[in-house]
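Once you've looked at the hints, dock chain B against the given chain A.
Protein chains: 2
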Amino acid sequence: MKSEIIAVGSEMLTPFRQDTNSLYLTEKLNEIGMTVAFKTIVGDRRKDLVGAIRTALARTDILIVMGGLGPTEDDLTREAVAEALSLVLRRDASQVAALHARAATWRMPMPENNLKQADILAGAVILSNPNGSAPGQWLDTTFSGYRKLIMLIPGPPNECRPLFDTECLPRLGAVLPARFIAKRILRAAMIPESQADKLLAPIYTTYTDVETTILAHMGDIQLTLLCSKSSLEAAKQRVDELAGRMEEALDDWLYSSEGESLEQIVLYYLGLRQSTLAVAESCTGGMVSQRITAVPGSSRSFLGGAVVYSNELKTTFADVPPALIERYGAVSSEVATALAEGIRKRTGATLGLAITGIAGPTGGTEGKPVGLVHFAVSDGQKTDIVERNFRGARDRVREWATQQALDLIRRRLM
Amino acid sequence: MKSEIIAVGSEMLTPFRQDTNSLYLTEKLNEIGMTVAFKTIVGDRRKDLVGAIRTALARTDILIVMGGLGPTEDDLTREAVAEALSLVLRRDASQVAALHARAATWRMPMPENNLKQADILAGAVILSNPNGSAPGQWLDTTFSGYRKLIMLIPGPPNECRPLFDTECLPRLGAVLPARFIAKRILRAAMIPESQADKLLAPIYTTYTDVETTILAHMGDIQLTLLCSKSSLEAAKQRVDELAGRMEEALDDWLYSSEGESLEQIVLYYLGLRQSTLAVAESCTGGMVSQRITAVPGSSRSFLGGAVVYSNELKTTFADVPPALIERYGAVSSEVATALAEGIRKRTGATLGLAITGIAGPTGGTEGKPVGLVHFAVSDGQKTDIVERNFRGARDRVREWATQQALDLIRRRLM
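These protein sequence lines map, in sequence, to chains A and B. As numbered in our numbering, residues 20 to 433 make up the first sequence, in order. As numbered in our numbering, residues 20 to 433 make up the second sequence, in order.
Note that identical chains are pooled: a pair holds if it fits in a single copy or bridges any two copies.
With a straight-line cut-off of 35 Å between C-alpha atoms, the simulated DSBU-like cross-links for lysine-lysine are:
no. : residue 1 : residue 2
1   : Lys-202   : Lys-47
2   : Lys-217   : Lys-66
3   : Lys-66    : Lys-248
4   : Lys-202   : Lys-66
5   : Lys-66    : Lys-255
6   : Lys-21    : Lys-167
It should be emphasised that the hints constitute simulated quantities derived from the structure, not laboratory data.
Bound conformation, chain A alone (with noise of 0.2 Å):
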């Protein structure tokens, strides 16, 4: 059954905003098995909006409408979804009194534009929205002699989501057929995109009952695998003995099973090996520190570090010999090294990690190009050292070059 997706609203046509709400409900539609085959994005205009839905309606079984369900003149999806259906509104007595007891608690005033939001198309099941004022509508019906579902849900996220989980996705698991869906994300580190499908494609081709998603995205590549049965033991075991073979082909570039981001997976092994570690950052600026602090919980293991963006930093937060710099330069191996141990005997931290290079647009020679970047992790024993030369923008230089540190660092944890 073949569904489509219509967001409804002007601000998702200028170049300001974007519909997100249809990723998150594409991802719940294929988890039951079901696809997308449409997204379409209308204006608040009435004549639009009836078209886009008989459009829809001509070209696919299930249809989902989102937003322009609020009390403003601009709000007219009901309207439209009864006109192109030639369907009649009645306004439903309990809604106009949810809506006056709503209007109670906040003590606000119920303007009588407000109860539109209590009109029903004939024949429709309220969804309840506890998020919201608007209810979303489930109707059954036909359309040129064809059974239709048709989805009316609010656009905010906060109401959208909860609502398709709670009221929509069990009538949907209702009317499809039984087949049940395992799913494993499996994530790996800095392999270059083509070595990945090199040694991945002959595998996953070969599993046609399993659908393989391969998403790379700046030194990180996520594969989801996702499997249709009609029972959940074998769906499993499709994508468990697929997720394996990958698994072993991906040998340590993988750093996930399970769908963790690389820096829970850092923080993961630190407690593992009751280590601590701290950072000191050059051209990446705080984006190491950035991403391991974005996981609740990571005091524990991370206890902060430097940015030491000039030298005289390098100095002063990290006891990197101005010497040193002045012989080698900030960009080169041996300061990346004296800037790892130099921070981790700093902060006391088991492990130290550093990061200098040239993210550019300026700053490079023939020697030392923009895109160079030193890494270096210490324990006070034995340091690794990475040398990268990445292409690119400044934001791109700097984004490969945060995950190669968190790379670094889990590899040297593993």
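Showing chain B alone in chain A's frame:
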């Protein structure tokens, strides 16, 4: 004239990929006075694509079809447009030669399939694509008796965007009635959204010929003013007049009159005052440093700083007396003040900035709840302090705190 953008590619119907090119194209279209009425996302299925193209031509005058121009079997845009309009495709000899030349440069073999990229719609103009192998196409034609402009452009952003700018925009400009567009972007920090609206709505609603868009995100408000007139002078005059009134109303909430980011403005003022900055971050964990160092050339005014995640590091890197932390707690205006002054002295910067707070989800107490953040900025003579209580999840608290920290330093420098 109404326009529609069709983004072609099954990957954009997964939970993992989103069309972002259309935001760029929309901005460029708006700047020449055109609006986008519909956006459609369709997979790599010929029947779906032909249907989507016909639907678009029936409801709009200008159609941009993006993606599906590559060499693989999945790339069906050329064939689908030909079918939808009953046009023939002819293989263009000069394009075939260009493809061969390209393959030779890259020392790549030239599979027969690749040549389909040289297939041009009858009557179409070839749009040069210096960043990729598939050219774009421009078609000025009729559909059901109405004139239609159709553009086929490649999907990869680094091909799509320059090709659209150099090949499509001038052609659209020549077709459209001569209009001149003036644009201004104003930005303000940390003003509550409702207060901004209360201040600004009475002003901008009286300028019905200027389109004002308000975008609010975590303590940042961006106002885009767009006006289209038959002379550039007239358009500029209206936009500048409205901008002037809004600037006055926003008073010192306003930080940018030309769209610069908050961190750019901070760096601009630091340069103007010949001042340098160092930062000690606790709960923001590197986010302030990261935003500042994202700006090219930031090393001229930004020395660096410390991520003082643990209490010990607040002493190690910024000489905060342990007794002060013991007495007032790490999250206090006293410790924020000591941190700001400590990091300033240690680094030799003109100004020291400090952030200490509770990002959550745990670590809050009744007296010091999750979301409480103290800020301080010091030049050794005078310290400005701010206390804020942000709501929401960890990443929200951190993002708001980062914005507040940058705004505090801006206000100090102004």
